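Those sequence lines, one after another, are chains H and C. By our numbering, the letter at position 475 of the first sequence is numbered 475, and the numbering carries on one by one without gaps. Adding 497 to a residue's 1-based position in the second sequence gives its number in our numbering.
Calculated from the structure, these hints are not laboratory results. No experiment lies behind these values; they were computed from the predicted model shown. The beta-carbon is built from N, C-alpha and C at its ideal position, and this holds for glycine as well. One should not assume that every hint holds.
Calculated cross-link-like contacts (lysine-lysine; reagent style DSS-like; alpha-carbon spacing at most 25 Å) [as the list claims (entries may be wrong)]: (1) C:Lys545 - H:Lys476; (2) C:Lys531 - H:Lys314; (3) C:Lys531 - H:Lys63; (4) C:Lys615 - H:Lys81; (5) H:Lys73 - C:Lys713; (6) H:Lys15 - H:Lys476; (7) H:Lys34 - C:Lys713.
Some chain H residues judged to face chain C by a derived CB distance under 8 Å, without partners named [as the list claims (entries may be wrong)]: (8) Met94; (9) Ala172; (10) Gly200; (11) Gln216.
Residues per chain, in single letters:
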Amino acid sequence: MQVRSQVSMVFHLDKCIGCHTCSVACKNIWTDRKGAEYMWWNNVETKPGTGFPTKWEDQDKYKGGFELTDNGKLNIKSTSKTKIIPNIFHNPHMPTMDDYYEPWTYDYQNLFNAPEGPVQPTAKPISMIDGKDIDIQSGPNWDDDLGGSPIYAENDPNLKGLTEQQKHELSAIERLVFFYFPRICNHCLNPCCVASCPSGALYKRGEDGIVLIDQQRCRAWRSCVAACPYKKTYFNWFTGKSEKCILCFPRLETGQAPACFHSCVGRIRYLGVLLYDADRLEEVAKLPDEELVEGHRSLILDPFDPQVIAEARKNGISEAVLESAQNSPVYKFVKVWKIALPPHIEYRTLPMLFYVPPMSPVQASKPEDTIKHNSDNLFHDIDDSRVPMRFLANLFGAGHEGGVRYALSKQKAVRWHRRAETVGDVDRETADRILREANCSREEAEAIYELTTLCKFEDRFVIPPMHREQAIEMMKDPYEHKKEVGFGFVSGPARGL
Amino acid sequence: MDPRVLDQFLFIALPYVCLFTFFLMTIYRYRTEKFSYSSLSSQFLENKQHFWAVVPFHYGILAVTLGHFIAFLVPRTVLAWNSHPLRLYILEISALAFGLLTLIGLISIVMRRGSFSKIREVTTTTDWILFALLIVQTVFGISIAVIYPWGSSWFATVLSPYLWSIFLLNPDISYLAGSPLLVRSHIVLAFLIIGFFPFTRLVHLLVVPNPYLWRKVQVVRWYGNK
């Protein structure tokens with residue numbers, strides 16, 4: 001056993017209101033620069049929808065992630081070691097700007113400078129790359145709230161395996177349904193971007209698991225962009241370097257939550273330490289699809305187990321981090337309650353961002369009528385959910401429904417329990433039966449309820465001390481560092497010389 | 498001017514200036530402007546013509562440059578190889594083919610960069626100068642291969658000794674006596690490109706990702722040396 005710690009995340013999808021505050025907070029801090037205009041390290045997608053970049057989940061097109069070969073090897077789909085040499089000049093699976101969108105601004109000067117004429121001057125859209133007039137074809141959140149469904153929502157790769165009727169009902173007037181899917185870098189345990197980088201510029205930080213790109217070592221071979229199945233490494237077209245979500249490590253190191261977490265209006269985001277067994281990574285990444293979710297969960301270690309604690313200490317994990325792991329809200333959601341699931345685990349990168357699958361809308365699907373809310377069937381049967389189970393299973397279970405059904409059943413049980421406690425129009429016995437069926441005790445239901453609805457800032461974000469001061473002391477004289485810190489590049493990150 | 502003085506300038510002074518600039522500036526740039534070492538790919542902005550321009554160019558120029566290096570390093574081996582006419586023909590024809598591939602790639606690159614306004618945005622004056630130098634140099638090289646054939650053999654007897662004399666700090670330009678203007682221009686331009694090298698995007702050649710093939714798949718960095 002080799003115990004490592006990882007700052008991990010849970011997003012509770014039932015709580016996301018799709019306000020994009022997280023995206024804007026991130027954009028304002030990190031990607032409001034030349035070359036990065038189109039990047040959204042954090043973005044919020046509408047599901048069903050094709051997302052950003054368009055159809056990123058379609059790995060027949062993008063060839064992201066790993067694949068298990070017939071002889072049991074884990075292979076990078078896009079540019080493995082054998083394919084990197086012939087493909088280094090031209091990456092065959094590199095998405096282009098058209099797959100994202102061409103950033104634009106408006107020619108506001110025209111409002112002031114236009115010659116006098118019979119009509120009001122307008123501010124025409126112009127490209128932020130070459131300054132030319134642009135016919136806007138796509139933009140951030142182009143398919144927000146099911147906009148342009150026939151093109152976008154209906155082409156969601158997660159609709160695979162749904163019946164025609166289910167597909168039809170998803171978009172039928174007055175019955176259509178959608179939910180939001182906020183995404184940042186998953187800071188995977190087996191990151192495909194890192195594995196694919198020919199320069200070795202990408203790396204995972206040993207102490208907290210944050211995946212970063214060394215800007216000084218990136219040589220624009222572009223492998224990471226093609227390899228990341230979540231399309232969360234972006235190519236800066238101006239500096240010729242790849243960039244990605246850094247989990248706001250400068251904020252984490254000073255005890256603050258990442259900007260997208262901090263600004264989240266729906267308070268859907270949780271952050272905390274998970275301890276995991278690094279020795280078993282390869283073994284788990286090679287499991288068959290149906291065992292991946294369970295296998296991934298089995299990597300996460302119990303921070304109260306004396307043996308784990310001893311191994312962690314041996315591996316240099318500090319007491320403060322251990323304590324933080326014991327208080328981690330992520331540990332509860334993922335390992336104790338098992339209601340948070342990794343997205344698209346079939347890409348085999350072992351993502352460390354988990355999602356609580358959405359139960360809403362509460363109203364279930366019935367061909368003719370809405371269902372009656374009586375005490376026998378107050379909340380719908382999980383399998384009649386208007387978001388088809390199959391769809392959620394494609395997103396959060398590698399196509400297998402077990403984990404999703406378990407998570408949704410437990411959420412439903414918590415609702416029954418609280419209904420019995422607070423409103424009292426359902427009888428306690430039925431509530432207890434449903435709790436039993438969902439493998440949930442009253443105490444657990446109460447704990448889930450509290451961390452979901454009454455959580456304070458410090459309940460949601462249990463940020464471990466990152467001890468970067470130790471790193472600084474190892475590298476250089478702290479007094480020298482103090483004089484230099486904050487200046488970054490002596491010259492701005494320009495293109496070439 | 499005395500032609501001998503001009504020769505001494507072009508084939509002794511200029512090479513040393515260019516080589517000195519090359520070594521000094523690549524190291525200096527790597528140490529001070531490491532961020533600028535990048536292939537500066539434009540594939541993200543245009544993905545279709547990119548293949549037909551960049552791939553032929555790279556395969557062409559790598560083969561041609563490698564050929565020059567081999568003839569410089571092991572001239573006797575090349576001569577021995579060429580002792581058989583068939584092998585000589587194969588070598589000459591493939592060298593010419595790679596030269597043409599380079600030229601086709603270069604012209605495609607220039608046309609691609611010129612015709613897409615987005616890519617013009619990421620093309621600097623230095624890039625244009627570099628492309629011009631490379632095109633002229635490639636045309637010189639191809640012309641030499643056509644007009645003065647069996648270069649793979651006479652390179653070994655004429656140019657290799659000259660280049661070795663430069664590197665052994667004992668320059669002897671008598672080897673070049675009688676070489677045609679075209680060959681002399683090719684040599685001068687080659688040194689100019691070497692001198693220009695550290696100021697251009699060509700530096701990405703020096704940071705090709707060789708450790709990738711034998712490093713561990715995942716990279717983890719710790720505070721110290723764990």
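Results for each hint:
{"no.": "1", "hint": "C:Lys545 - H:Lys476", "result": "violated, 47 Å"}
{"no.": "2", "hint": "C:Lys531 - H:Lys314", "result": "violated, 37 Å"}
{"no.": "3", "hint": "C:Lys531 - H:Lys63", "result": "violated, 31 Å"}
{"no.": "4", "hint": "C:Lys615 - H:Lys81", "result": "violated, 32 Å"}
{"no.": "5", "hint": "H:Lys73 - C:Lys713", "result": "holds, 15 Å"}
{"no.": "6", "hint": "H:Lys15 - H:Lys476", "result": "violated, 45 Å"}
{"no.": "7", "hint": "H:Lys34 - C:Lys713", "result": "violated, 34 Å"}
{"no.": "8", "hint": "Met94", "result": "holds, 5 Å"}
{"no.": "9", "hint": "Ala172", "result": "violated, 38 Å"}
{"no.": "10", "hint": "Gly200", "result": "holds, 5 Å"}
{"no.": "11", "hint": "Gln216", "result": "holds, 5 Å"}
In terms of the numbered hints stated before, the structure departs from hints 1, 2, 3, 4, 6, 7 and 9, listed from lowest to highest.
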